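Engineer: The primary structure of each chain is shown beneath.
Number of protein chains: 2
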Amino acid sequence: MARAARLSGFPEWLPSDRIVEERVIDLLKHVFELNGFGAIHTRAMEPISALAKEGEIDKEVFAVSRLHGEQHDAKNPLGLHFDLTVPFARYVVEHAGHLAFPFKRYQIQPVWRGERPQDGRFREFIQADIDVVGEDSLPDHFEVEVPLVMAAAFDALRELGVPPVRILANDRRLIEGFARGAGLDDIPAVLRSIDKLDKIGEDAVARLLAEQAGADTRQQELCLALARIESPDAGFADEVVALGVSHPLLDEGLASLTRILEAAHRRAPGTVWAQLKIARGLDYYTGAVYETQLVGHEDLGSVASGGRYDALASNGKRTYPGVGMSVGVSRLMSRLVGADRMVAASRPVPTAVLVSVTDEDRRDESDRVAEVLRARGIPTDVAPAAAKFGKQIRYADRRGIPFVWFVDGETGHEVKDIRSGEQQTADPEVWAPAAEDLWPRVERVSAE
Amino acid sequence: MARAARLSGFPEWLPSDRIVEERVIDLLKHVFELNGFGAIHTRAMEPISALAKEGEIDKEVFAVSRLHGEQHDAKNPLGLHFDLTVPFARYVVEHAGHLAFPFKRYQIQPVWRGERPQDGRFREFIQADIDVVGEDSLPDHFEVEVPLVMAAAFDALRELGVPPVRILANDRRLIEGFARGAGLDDIPAVLRSIDKLDKIGEDAVARLLAEQAGADTRQQELCLALARIESPDAGFADEVVALGVSHPLLDEGLASLTRILEAAHRRAPGTVWAQLKIARGLDYYTGAVYETQLVGHEDLGSVASGGRYDALASNGKRTYPGVGMSVGVSRLMSRLVGADRMVAASRPVPTAVLVSVTDEDRRDESDRVAEVLRARGIPTDVAPAAAKFGKQIRYADRRGIPFVWFVDGETGHEVKDIRSGEQQTADPEVWAPAAEDLWPRVERVSAE
Chain A
1 MARAARLSGF PEWLPSDRIV EERVIDLLKH VFELNGFGAI HTRAMEPISA LAKEGEIDKE
61 VFAVSRLHGE QHDAKNPLGL HFDLTVPFAR YVVEHAGHLA FPFKRYQIQP VWRGERPQDG
121 RFREFIQADI DVVGEDSLPD HFEVEVPLVM AAAFDALREL GVPPVRILAN DRRLIEGFAR
181 GAGLDDIPAV LRSIDKLDKI GEDAVARLLA EQAGADTRQQ ELCLALARIE SPDAGFADEV
241 VALGVSHPLL DEGLASLTRI LEAAHRRAPG TVWAQLKIAR GLDYYTGAVY ETQLVGHEDL
301 GSVASGGRYD ALASNGKRTY PGVGMSVGVS RLMSRLVGAD RMVAASRPVP TAVLVSVTDE
361 DRRDESDRVA EVLRARGIPT DVAPAAAKFG KQIRYADRRG IPFVWFVDGE TGHEVKDIRS
421 GEQQTADPEV WAPAAEDLWP RVERVSAE
Chain B
1 MARAARLSGF PEWLPSDRIV EERVIDLLKH VFELNGFGAI HTRAMEPISA LAKEGEIDKE
61 VFAVSRLHGE QHDAKNPLGL HFDLTVPFAR YVVEHAGHLA FPFKRYQIQP VWRGERPQDG
121 RFREFIQADI DVVGEDSLPD HFEVEVPLVM AAAFDALREL GVPPVRILAN DRRLIEGFAR
181 GAGLDDIPAV LRSIDKLDKI GEDAVARLLA EQAGADTRQQ ELCLALARIE SPDAGFADEV
241 VALGVSHPLL DEGLASLTRI LEAAHRRAPG TVWAQLKIAR GLDYYTGAVY ETQLVGHEDL
301 GSVASGGRYD ALASNGKRTY PGVGMSVGVS RLMSRLVGAD RMVAASRPVP TAVLVSVTDE
361 DRRDESDRVA EVLRARGIPT DVAPAAAKFG KQIRYADRRG IPFVWFVDGE TGHEVKDIRS
421 GEQQTADPEV WAPAAEDLWP RVERVSAE
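For the record, the sequence lines run as chains A and B. If you use full-length UniProt numbering, the first sequence corresponds to residues 1 to 448, in order. If you use full-length UniProt numbering, the second sequence corresponds to residues 1 to 448, in order.
In case anyone wonders, no lab produced these hints; they're calculated from the structure. A hint or two may mislead.
Each pair may be met inside one copy or between any two copies, as identical chains are not told apart.
[As the list claims (entries may be wrong)] When the alpha-carbon atoms are kept at most 35 Å apart in a straight line, the in silico DSBU-like pairs for lysine-lysine are as follows:
id, residue 1, residue 2
1, K388, K29
2, K29, K199
3, K317, K199
4, K317, K388
5, K391, K196
6, K391, K317
7, K29, K391
8, K391, K199
9, K199, K388
10, K317, K29
Predicted model only: the values in this text are computed from it and were never measured.
Sequences are here, hints too, so could you generate the full structure?
Structural biologist: Shown next, in the form of C-alpha cells:
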C-alpha cells in the first residue's frame, strides 16, 4: 500500500510497492541494455550556473550549501540536478576523450524540483533516461530508434500489468516553420501557448496567441488547426500542406517527421503517432519532440518525454548533438500503486521459505537448513524466536511467505505450504518451490 | 578507466566501471534478498533538526533550500542525509503501522557529507545498508546474523575479483564496562581516543586518554592492553579477564561478544574476529559494533561498518531497537577500479552483436535482424552508418563488441567473431554467442 509521506512531494513506498518499482526499473534497464545502451550514474549536484542556463528553470532548483561551509564554497554554488539531461551533457563534455561516439547511455536516478507538488508531480522523483549523443553530428535514424526503444521498454512493462502506451511525436522545426510561414515571429511565445492546449483549451490558447505572440484571428486559427492534426502514420503531412502555409523550416520539419512516422509505422505499426500540438516546455530541443500517453490514463500527463537537441552539450570546439527520452518512473508509479491501484507485488518480502526454530538451543540446525536453501538460490528466512509453531506460521502468513520449514533431527524435514495447508517431507538439498513462488510476483490487480 | 571528476569528492565512473559498480550492487542485493531483506528507498532530504541530533555530525551536513523559496520553507529547513540509518529510523517510525517486525530491510542509495575529500572518502557516495529492527525488543541472535549476511555478500563479490574480507567485532558495553571498572567515567572521551589508535598510534592515544578522559598511567595501560586484544574465536574473553578489571557492564559485553564469536565460529569459521579496539565514531550504538577489512587493503579503512542500537528510533510510545551494517560501495569501488586497478569489465557496452548496415536504404533489414536477436535476449546494436565494413568493424572493435553480423538478402546471414576473425553463416532465429560473451564479464585484472 502506498502511503503519503509527511513531507509533501517526496514519495516513499512501502516495501511491497518498492518491489514494484524495482521490477519496473529492472525491466527498463534490461530493454535499454538489449538495445546497446550502457549505464552511467552522475553526481546529484551541478554548479547552479549550469542548472540556471535554461531560462525559467532556475526557480525550481534546490540550492545546496554546507551548513558550516567555508568561504570558497560560495564562489561556485551548487544545486541538485532537476533532470538527467543537463548532468549527462556535462558528463559527455568532461569525459569525451574516453567515450566512443555515437554514445548510447541510460541513467536512472532521482531528480529534484522545487515545484508545488500535485498529482503525479513531485519534488523528488526518479527518472529513467536514454540518450544517443554524437560528436559534431548524429544520424537522423536515431530519432526513430529512441522512441522505438522506449516503446519496447513499455512493452516489457506490460507483463507487470502496466497499460499500453502511445508515443506522440512532433518536430520543433515544423511548428516554428509553420508559425513563421503564417507570419508569427515570437516562436517561444507560440510554443508556450500551444503547450497549454490540453490544460486551458482552444479559446484560451487563441487569446494567449493574440496577447503573447501578437497573432491575429487568421494566425490563431491556423495555429489551432495545426495543433488539431494527428495521425498514426505519415498522413498528417497532407493535412498540414492543406493549410496553405509554407516556409523552408516547415518543409524540413515535415520531411523529418514523415521519415520518423514512416519508419516507425514499418517497424512497429500503431506505436508512434504524429500529434502536432506536442511542443515540450524546455528550450533545448531543435528537432523531433516526444511525449508518451498511458492509454486510458491520458490525465496523468506524459510518462516519457524527450526530443532531439543539437546544441545542449558543447565544449567550444566540438558540439554533441543528441536525441533522448526520459521515463517519469515516480509519476508512473504514482498511478500503478496509487489510490486506484493497478499493480501489486504478491508479497512484501523476498522470502519464499521461513525455517521454523524448535528451540533456541537448536537454532543452528535451522540456520544450516536456511544456508543450504539459500545456496540453491531460494530466498529464506529463519524464525526470529522459537515460539509455538502456530505463532511462527503466523509470522510467515503476515509477510506472505508461502512455505514454512520444520526441522527435526528424528523425523526428518517437512515443508508446509501455508496457503493450502499441505505438508510433505522434504530434503533441503533437493526441494524447491514452484517457479512462480520463488520470488515475489508483480501483477495486475484485477478490477472489482 | 576511472577519471577524477572536476568537482573533488564526487566520484563518477566511465561506463565500463559503472558496469563493475552495477554488478557489485546486483550481487549485494541478491544476497540481501536471499537472506530475507526487502528493499526500501527513502527521499534524499530530512529536516536538519533530525540530521543534527547526532552531536558533531551537523558540520558535515549539506543544507538544501529552494533558490526562490517561500517563507514557510525556512521554518523547517532540510538537509541531505549523511547516512541511511537516520532516514531508515524515520521511515520505521512513520510507517510502523504498515510494517511487520522484526523488519529486515536493505537500502542502496547515495549519501552526502560536507567533509574534506581524501582517499576513499567522498562528499557523495553510495552506501548499501542492511538492518533488522524490532518493535520494543530484538533477539540477540540478529547480532550474529547481520555480520554473517554481510560476510556472505562479500563472499559473492569474490567472483568479480574482490578480495576476501575479515569482519571485526567488539561490544560497546565491553569497552564502557572495562573503562568504568578501571575507574574512568568520561566514556565518550575514552571511545574517541581508542577510535584514533590506527591513525595516531599507542603513545598518542595514551596522551589523549590522559588529557581528555583524565586517565592515569595504569588506566592508560589498561585501555591500551584491552585495545590490543583480538582473536578469531571466543578466546579474547580470557585475555580480558586476565587484565583484572571487573564491572557488571563489562560482564554483559563479554557474554554478548562471546556469544557472537561462538556462533560465527560455528557457522563460518574465520569470518568474524573479535578486535577490541573497534569503537566506531557514532553515538547511537549500544551493543555490538562491527568494521570490515578488505584483506591486504587494510589501509583503505572499513568497507562495511555498523552495530547494534537500542534507541535510535522511537515515537515516544514504542522504541525500535536494531542492528545493521553499511557497505561503503563507493569506497570499495575506489579501490577496485582506482589507480591500482583490481577489477575490470570485459567491455564498456552491454552489446554482444553489432549488426552492420549495407546501405542506408536497407537499414530496415538490419533493424529486423537486431529485433530478432534482442527478442532472444541477445544485446544487439545496429551500425550508426552504412560505412565501409572495415569502419563498421572498427566501430565494434572500439567498444569491445565481440560479434559483427552481416545481412545479405542473397547470400544469407553471416556472423564474424572479430577477435578470432572466424566468420560463419548464421540464422538470427538460432545463432547465439557463447554464454560468457552474452553480457560484459567483470573479472579480476591479472597482476603484471
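Engineer: Look at each hint and say if it fits the structure.
Structural biologist: Okay, the hints, checked on the actual structure:
| no. | hint | result |
| --- | --- | --- |
| 1 | K388 - K29 | between (44 Å within a copy, 32 Å between copies) |
| 2 | K29 - K199 | within (33 Å within a copy, 43 Å between copies) |
| 3 | K317 - K199 | neither (42 Å within a copy, 47 Å between copies) |
| 4 | K317 - K388 | between (74 Å within a copy, 27 Å between copies) |
| 5 | K391 - K196 | neither (58 Å within a copy, 47 Å between copies) |
| 6 | K391 - K317 | between (70 Å within a copy, 25 Å between copies) |
| 7 | K29 - K391 | between (40 Å within a copy, 29 Å between copies) |
| 8 | K391 - K199 | neither (55 Å within a copy, 50 Å between copies) |
| 9 | K199 - K388 | neither (60 Å within a copy, 50 Å between copies) |
| 10 | K317 - K29 | within (33 Å within a copy, 43 Å between copies) |
Checked against the numbered hints above, the structure violates hints 3, 5, 8, 9; every other hint is satisfied.
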